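*Asks:* Protein chains in written order, with the working numbering: chain H, 1 to 685; chain F, 1001 to 1318; chain D, 2001 to 2281; chain A, 3001 to 3542.
Watch out, some of these pointers could steer you wrong.
[Stated by the list, open to error] Derived coverage of chain A by chain D (criterion: at least 3 residues anywhere in the stretch with Cβ under 8 Å from a Cβ of chain D; other residues may be distant): (1) 3352 to 3366; (2) 3386 to 3393.
[Unchecked claim] As a list, the in silico DSS-like pairs of lysine-lysine whose alpha-carbon atoms are at most 25 Å apart: (3) K1160/F to K3541/A; (4) K130/H to K1229/F; (5) K3308/A to K3352/A.
[Said to hold, decoys possible] Short, incomplete list of chain D residues facing chain A, as computed with Cβ under 10 Å: (6) F2043; (7) D2182; (8) P2192; (9) N2193; (10) P2224; (11) Y2240.
Hints are computed from structural coordinates only; laboratory data are not their basis. Values in this document were obtained by computation on a predicted structure and should not be read as measured data. By construction, the Cβ of each residue, glycine as well, lies at the ideal position given by its N, Cα and C atoms.
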Amino acid sequence: MDKTVLDVKNLRTEFRMRRYTVYAVNGISYDIHPGEIVGVVGESGCGKSVSQMSTLRLVPSPPAHIEGKAVYEGKAVYEGKDLLEPSNGEYLRSVRGGKIAMIFQEPMTSLNPVMKVGEQISEAIRLHMKLGASEARARTIELMKKVRIPDAEERYDSYPHEFSGGMCQRLMIAMAMSCDPDLLIADESTTALDVTIQAQILEMLRDVVRETQTALLIVTHNLGIVARYADKIYVMYAGGIVEYGRASDIFTAPSHAYTIGLLNSVPRLDDDKDRMLMPIEGFPPNLQSRPTGCAFIARCAQKLPECESRPEFPLRKVWEEHYSSCINDRLDRSLRKSDTLFEAKKLPDETLLEISGLSKEFPIKKGILFKKTVGNVHALNDVSLRIRRGETLGLVGESGCGKTTLARSILGLVSPTCGEILYQGTDLTKLDKKKTREMRREIQLIFQDPFASLDPRMSIGGIIGEPLVVHKLTSGKTEYLKRVEELFVMVGLDPSLRDRSPHELSGGQRQRVGIARALASEPSFLVCDEPVSALDVSVQAQILNLLERLQRELGLTYLFIAHDLSVVRHISDTIAVMYLGRIVEQGDWKTLCEKPVHPYTRALLSAVPIPDPEVERTRNIEAVKGDVPSVSRLPSGCSFHPRCPYAEAGCAAAVPELREIEPGHYVACPVAEAARAANTASGSS
Amino acid sequence: MTQYIVKKLFQALLVLLIVTFISYLIMELIPGDAVDFLLGLEATPEKAAALRASLNLDKPFVVRYFIWLGGLFRGDMGTSIFYNDSVANILVKKLLVTFRMGFAALIISTAVGISLGVVSAVNRGGFWDNLISFFANIGISIPAFWLGILFIILFAVKMKVLPVQGYTEPSADFWMHTRQMVMPVIVTAVGALSSMVRQTRSAVLETISQDYVRTAREKGLRERVILMKHVLRNALIPILTLLGMQVRVLFGGVVIVENIFAVPGMGRLLVNSVFNRDITVVQGCILIMGVVVIIANLLVDISYGFVDPRIREIKDVA
Amino acid sequence: MMKRGSFLRVLVSRWTVLLSLLLIALFVIAAVFAPLLMPYDPFAMDLPNRLAPPSLKHLLGCDLMGRDILSRIIYGARTSMMIAFVSIIIGGIAGILLGLVAGYFGGIADTFIMRLTDAMMAIPQIVLALGIGVALGRSTLNLMIAIGVSSVPAYIRMMRGQTVSTKNQMYVLAANVIGCRDSRVMYRHILPNSISPLIVTATINLGGAIMAEASLSYLGLGVPPEIPAWGTMVSDGFQYIETAPMLSIIPGLCIMLVVLAFNIFGDGLRDMLDPRVRGSL
Amino acid sequence: MKKLKRAISVLLALAMIAAVMTGCGGSGTTPTPASTAKPSAAAAKTPVYGGTLIVSQSTQQFEDNLYPPTAANADVLQNARPCLEPLLKIASDGTLIPFLVKEYKIENNGQKYTLILQQGVKFHDGTDFNAEAVKWNIEQTQAGKIQTVFNTVKSIDIIDNYTLVLNMASPDLFLLQTLATSLPVFMVSPTAVKTNGAEWAKTHPVGTGPFKLQSWDYGVKMVYVKNENYWGKDSNGNKLPYLDGITFKFIPENVTSTTAFKNGEIDVLRALTSNMITSLKSSSKVTIYDYAFLQLNIWYPTLVSGSKFQNLKVRQAISYALDIPTIIKSLFGPEFDSTNQVSYPGSPMYNKDIAGYKYDPQKAKQLLAEAGYPNGFDATIVAENTPENSLLCQTIQSYFKAVGINLTIDLADAARFAQSVMFSSWGDRLAVIPFTYTPDEIGSARRVLNPATTLFRSTVDFPEKYKGLVTNLFAATTADAAKKVYADMNKFLIDEACLLTPIYVKKYAVAQQSWVHGFGSGADGEKQIRYWSPETVWKEKR
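In isolation and in its complexed conformation, chain H is listed as follows (with noise of 0.2 Å):
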């Protein structure tokens, strides 16, 4: 553990843009030894990304437009020699994919696309190993070999956008082992996966680093990542090292407010459900001013009377290799209850939403003129649900497994091919355009992307008005502006903002505007695609106080759609789990999270790290095997059997039909209960 693969020395790296400066790493030091794995943390915009760029001098490749050029101070050096020298400009570039290899956030794009795949690898490995054309496909097809990619041979020859996303990380993680580097970078590098794919990949990637004693730095905003495979973890923000540390001295005695503040912002699988998340307060830094003193300071609700005046925040030592920026020592660590009593939220039986044997198929359409259809992609099939006024139902599933789809056909966007949808006894499937029209008043649609869901060209005043003067709500101007400035209260907008755009605003306060264009026409059923999971973890935590605390005010009920199992967790009644565009359990929350049946379920909870080292010690992850199939050649039977620890020959045949094992809790699975009982017998929970 003494010889330090990598040793960094104060890097700052600056983007000098015409008219102004962007101070994105402002002096940040670390080293990393052989073997070692080390987690970097922090919120997008904290330069956690350029700092891991700038070691290996890539500009960050701003699009190309920006004349801007990024300048790079203090030290990254690698064997003896320090990398940023310019005149070691010719050893950087030996370095750089040879000695010291990167993994990126994109794996579609980071692929060329039209160079065939086993070639874009081989070119890395001719360059540095000095191998012949064939050595290096031999080299190359054994590398594909060792991510598990399956057919390595013919699959040598074919083009990136014959791959799946996760197939592709992949591919990247071969293309960086291919020359046995010394360190390792990866840098949010299965952000863009679905959560089983990116266990898998995470799981590979520690036993291949710990194989071949290479270093190993993950870059990421998940601190449940970080909780299970780091051995080091830096806390960053505003582009500085705020604290680092072992993982497990972090999570059990994090000593800087925003640590402290990020933890108790996630939701966690394992925490009681009245846990109330305490998100931090305001937005993300503006990078374009020089950091001075505390750069938290804005948003820390624990600063000190001194931390005003104190013009820097060294890292000073707090315990046994734990140093923090934090002068305050006397850190309130506490989780606080929700002061509202959840269990009280007693359930009226009427429902509101029906949906029953809802299917739908998109033909693929192929030929010249008249086109025929050559295949079905099987978006949902047969589902079946009920949502009660007041009730919010939880919809998880992977990427491909219909919930938008579902989504979608709930608003009429999407007209299913067989099933019906009652909302309060009327068919959504039935109306007309003019009646579907009128329906859009009573359901609503909040958005993930909160920036591409509002319109650049109008004011924020303007967005939120829209559906006023659509349905005609109000009538005259100054009731108009009233509502508007109503609905800017209601979800804690500054009404002052009315006049600004959409790209001043930040991520949070632009995913508020959305809710309050829902709430403009005063709908009773709000359908949530993934509201929270393109917003920062302590963002995250603002949105989702503000749907529960709306839910109670105006008696809403949500159908909340995410990936993420711990925010579905966090503030769903009922969680159904959908696979492949089939709804295989569903159960209420305690059970479904604590008590899983179907093997699926099992591999989705088991798949979400959770942050806090001791307990993800211990944990063992249910793999599950190969790739989700492609939705358009869906296997026969149990669409889950192929990668079904427990499938059996019943399971390829009949399609499993939800049953009732306990009252409120389905299940699409002949062996459920037999499997379940196997494995609480092997002690894992």
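Based on the hints, put chains F, D and A in the right spot on chain H.
*Replies:* Quick look at chains F, D and A alone, frame taken from chain H:
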């Protein structure tokens, strides 16, 4: 892949049909017809009527169009009212002239255009970039005929280096042919060259900012290798699209340049025929121009298939 | 959009854009205040000093009918600008509407309009304009219609592409969700978000229109002879290119400068309105 | 395509009006060309063999038809002169020069003509040129209906292989003069036409001429090569033709052709415009033949009901408002002349005692006031879209403005002008219409100044008195009688009825390089520029 080609072929034929209909419609709207012109004052009503009947000019517009179209399918493009000779054999000579000039201009504008575009994109904001972009901007702003006359005064009159006009078959006297072709080709090429530079530059800039270029750089490849293997291959797609459009721009340029430099090409014939109301010749010229432009676009579409694997197996998912 | 102040300050930061802005301003002032700026009446004939060389009295000399060239250039600015703007409006409005409909509704409307556009794009613009011009006869209005109509396909293609890409944006889906009718979605959401590429295409086409006027008058289709327009002046001046080169060279130069200015300004505007670039200027 | 090209096209269209030469016993004397060119020094030098003569003019517009019997276009036929030859040529002073016809006898007052043909002449396809061929050619011309020179020939008798007799239906003393000066009647090989058909003959002239047509690219280039066994000999017996070949090049763009001429790429440049002359004047010998061939007039739509131009005072006011001499002198080149009537100063038909209208704006204003338009009125003028017309109309516009008339100019391209002016009523507008003198003034007068033509029938109202004069013109048998009637017609049109206002007369201008000899003035003194003899042209070695 073949399905993709066949689909594009069908589309091209349909568009070609519409092209001929549009040109016939425009010629129909133009008042006055060749007959009054031809017979002059001797036009006794019976003579005019007889000539009109023989040329089917008395039939309604739509019928005449379909007669012409029928003829086209049988390979006969009709006879010119003016030169009372079959349109095909009038056009064949003129076509070669225009194609030689147009093709030379296309080669120059593409080769020089793309290389300059890449150079200026690669050192973005640098000296070369500003210089090339400035001249490219001037290139697209100069009216072709004005430049033509400037060239004539400069090279032919003052410096007496190049012949002023005329056209000799390359077979007859190749050296004279090239000397005569220098000015017209350059004048035609200037406009096309400049727009090619500008478009290539933005296409390359767009590709440089993609993620896979960053991955290539992260792999430690030399800048030149990244440019050749990764950037250019991907920038080729938008550049190809532009190439399809260039053919149309060149035809426009040729029409003007042929008149200045007295090159007996199709452009000049077309303009004369429009003023002479020689409908069949106009149709012939526009048909050929349309065919060439559509074939150029078809070739571009097909070449997409080779350059970009994603387009190869198009599946239309509704 | 960015706050007003910084928009102009940033736009002017690049000297080429500044220069082109100046040239355009000069062109517009000359066009609008033509009557005040002209030293002589551009129509007044003064036969004795026919083809007089540039002199103090006549800064740029006189044309073949003894009329002062400088005044005719200034008046010509007005005609050329009028022709350019009106043909942009004709081409633009028709192009935008058709492109919007084709892009938004897709299906048969889209294929019909796009195949028609492909067909018109297969014919060079100068030939299209010539055909329409000859059909309508020689007058200023007909010239504008000829240039306008022949530039419609370019606008349709640009607008359709823009509509198709904007249509798939989330905020358009949101507009549907809150119950907007198709028409409202189009004019309230899709059109405003296509404004920036439209303005850029319009500025670049302004230059194109002036050049088209020049080329058409060379082919014999320009404005009525007595009305000074740059294109007609260049083509009329051809005959006397050896004896009085100024007759063609000056208007030709004016055309080039103005078209150049519009192109550079168009490029600058495009970089300005492109959100990715805005941050860096 | 340059606007000027269409100017030539209109002239040629109207040359067709001159194509039909009606009436008998026309005076047939050609206008006496007062050549302004210096007598060429060529006569002193001895002719040299070899070289190709490059002749260039603007692209001609018309039907490219070189088969004489059906060809309607004089200028196009001229281009066939190197390979086709007429029976007789005519000297500038009107005397006939024997050519393919060696001798001729005219008997009983023009009723009977005996023609004795040149012997040993062969067509290019090897067949003999004999009486039979001439008879066939004359019959074809009669059948072609385009040329009327042989209409009065009743019958043709073949006496022997080289003599034939024409019996005339009515006495015509000037048949041969008309034959030589009207639309050229060239001899074409009967066998060639019989085997390949008239259509083929249009593009493949087979004649007896000094050169053979090698290639012809419509509207671009015509290439002639030497006919080795040409029958002609020059005055001192050497074989003709001197040149190895003649090439016609059609260049639309004047600037291009003038520059090419100055660079020596072109030997002879025909149909010059005024600005071409000014640019050529400085550098090389420009011969302007005083052979006027076109006049431009403004005509008034007196027949159009309610038109202000029905009032004589208005027409006269307009005539007074235009200062034609200054316009011509300052705006147009040396090859233009002003005239106050349909004829022109140099012409024998010129009527000296026509007063005409001197430039007098005050009188014009006064006349307008009397006519009820004290502060003028709006009017439109329609003309063909050529650079000269555009220049002219703008000048007229400013002169009109001086007397209160504001004029809009409608320039129509050739086909639209033909359709809307020539062959139908041009409505309540002034129209700029040309009148051509080719081949002779009286013949043109009979056809054009005739109320019955499609041009005037529906728009111009000719008083009875004038119609009487026109019938006399047709009846006049002798040249002097026709001349007298023509003079009266002119007097009436201008001074009495003021039905038209003449503007300018245009002469035919040709530029010729110094090393070219025998092009304009033929060896035998024949000054005709339009009916040149290619066999005697030669080029100095350069």
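*Asks:* Hint by hint, say whether it matches the structure.
*Replies:* Hint-by-hint comparison with the structure:
Under the rule that three or more residues need a Cβ within less than 8 Å of chain D, the assignment of the stretch 3352 to 3366 of chain A is violated, with 0 such residues. A count of 4 residues in the stretch 3386 to 3393 of chain A with a Cβ less than 8 Å from any Cβ of chain D is obtained; the coverage claim is therefore met, three being the minimum. Proposed proximity of K1160/F and K3541/A is supported: the alpha carbons are some 22 Å apart, at most 25 Å. Straight-line distance between C-alpha atoms of K130/H and K1229/F comes to about 19 Å, which keeps the hinted pair within the 25 Å bound.
Of the pairs offered as hints, the one joining K3308/A and K3352/A is violated, with about 31 Å between alpha carbons and a cut-off of 25 Å exceeded. Checking F2043/D against chain A by beta carbon gives a least distance of about 7 Å; that is within 10 Å, so the hint holds. Violation of the interface hint for D2182/D is found here, the shortest Cβ-Cβ separation to chain A being roughly 46 Å, above the 10 Å cut-off. Proximity of P2192/D to chain A is violated relative to the hint, the smallest CB-CB distance being about 44 Å (cut-off 10 Å).
Hint status for N2193/D: violated, given a least beta-carbon distance of 45 Å to chain A, over 10 Å. With a least beta-carbon distance of about 5 Å to chain A, the hint placing P2224/D at the interface is held under the 10 Å criterion. With its C-beta approaching chain A no nearer than about 5 Å, Y2240/D sits inside the 10 Å limit, and its interface hint holds.
In this structure, the earlier hints numbered 1, 5, 7, 8 and 9 are contradicted, and the remaining ones agree with it.
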